[in-house]
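Going down the list, the protein sequences come from chains Z and R. For the first sequence, the numbering used here assigns the number 575 to the initial residue and increments by one for each residue that follows. For the second sequence, the numbering used here assigns the number 575 to the initial residue and increments by one for each residue that follows.
Simulated from the structure, these hints should not be mistaken for lab results. Don't take every hint at face value.
Heads up, incomplete: computed chain Z residues facing chain R, CB under 10 Å, no partners named [stated by the list, open to error]: (1) 593; (2) 621; (3) 622; (4) 626; (5) 642; (6) 643; (7) 646; (8) 650; (9) 651.
Sample of chain R residues with no beta-carbon within 10 Å of chain Z, all distances over it, derived [claimed, not checked]: (10) 578; (11) 591; (12) 593; (13) 602; (14) 603; (15) 609; (16) 618; (17) 637; (18) 641; (19) 654; (20) 656.
Cβ coordinates follow ideal geometry from the N, Cα and C atoms, glycine included.
Number of protein chains: 2
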Amino acid sequence: GDAWEVVDDHHLEASYEFEDFAAALAFTNDVGELAEEEWHHPDIHLSWGEVGVEMWSHDIDGLHESDFVMAARMDQSYAEYGDD
Amino acid sequence: GDAWEVVDDHHLEASYEFEDFAAALAFTNDVGELAEEEWHHPDIHLSWGEVGVEMWSHDIDGLHESDFVMAARMDQSYAEYGDD
Numbered sequence: 575g576d577a578w579e580v581v582d583d584h585h586l587e588a589s590y591e592f593e594d595f596a597a598a599l600a601f602t603n604d605v606g607e608l609a610e611e612e613w614h615h616p617d618i619h620l621s622w623g624e625v626g627v628e629m630w631s632h633d634i635d636g637l638h639e640s641d642f643v644m645a646a647r648m649d650q651s652y653a654e655y656g657d658d
Numbered sequence: 575g576d577a578w579e580v581v582d583d584h585h586l587e588a589s590y591e592f593e594d595f596a597a598a599l600a601f602t603n604d605v606g607e608l609a610e611e612e613w614h615h616p617d618i619h620l621s622w623g624e625v626g627v628e629m630w631s632h633d634i635d636g637l638h639e640s641d642f643v644m645a646a647r648m649d650q651s652y653a654e655y656g657d658d
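Could you build all of it, start to finish, from the sequences and the hints given here?
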């Protein structure tokens with residue numbers, strides 16, 4: 575889940591794996607909390623055992639330092655989920 | 575948000591609108607709680623002010639009564655969000 579990709583020089587994408595739906599939902603809430611803190615809101619795709627994230631800076635329609643800061647914070651948060 | 579569509583005779587899709595990210599995240603948690611209760615887990619797409627839901631019964635790779643039950647329960651839950 576720590577492999578972010580830059581897509582079309584425009585947005586960041588990553589996918590995080592979990593052991594079940596509940597863990598994926600919990601992580602979605604972590605990401606939501608970060609999003610509100612940083613006031614930077616990714617698109618989140620929650621499904622069984624997986625959270626996909628897509629993120630860019632809408633005001634510049636591309637990537638900004640804040641996207642990479644958020645990406646790093648999500649990875650940090652994901653690390654707390656152990657070996658999933 | 576109460577307009578479910580049957581897509582390809584295979585799954586149900588709906589999109590619910592909210593006034594901001596926090597409300598959309600709260601509804602995502604409502605849907606997650608229903609999903610755990612009914613043990614039927616949709617795909618959820620959370621973005622600013624919007625929650626998209628895609629749902630089908632994986633065991634029959636199509637639609638079952640349980641999908642429509644979940645759909646109705648989501649609509650009911652959404653109704654609590656007022657006029658958003």
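Tested hints:
1. 593: This interface hint is violated because 13 Å lies over the 10 Å limit.
2. 621: With a minimum Cβ separation of about 4 Å from chain R (threshold 10 Å), the hint on residue 621/Z holds.
3. 622: Since chain R brings a Cβ to about 5 Å from residue 622/Z, closer than 10 Å, the hint holds.
4. 626: Interface hint status for residue 626/Z: holds (9 Å vs cutoff 10 Å).
5. 642: Cβ of residue 642/Z sits 20 Å from chain R, so the hint is violated.
6. 643: 18 Å, violated
7. 646: Since the shortest Cβ distance to chain R is 20 Å, the answer is violated.
8. 650: Nearest chain R Cβ about 20 Å off; hint violated.
9. 651: 15 Å, violated
10. 578: 18 Å, holds
11. 591: 15 Å, holds
12. 593: Its Cβ never comes within 10 Å of chain Z, the nearest being 13 Å, so this holds.
13. 602: With a cut-off of 10 Å, residue 602/R comes too close to chain Z, as the shortest Cβ separation is near 7 Å.
14. 603: Its Cβ does come within 10 Å of chain Z, the nearest being 7 Å, so this is violated.
15. 609: 6 Å, violated
16. 618: Check fails; 4 Å does not lie beyond 10 Å.
17. 637: The claim holds: residue 637/R sits with its nearest Cβ about 17 Å from chain Z, beyond 10 Å.
18. 641: 15 Å, holds
19. 654: 19 Å, holds
20. 656: 21 Å, holds
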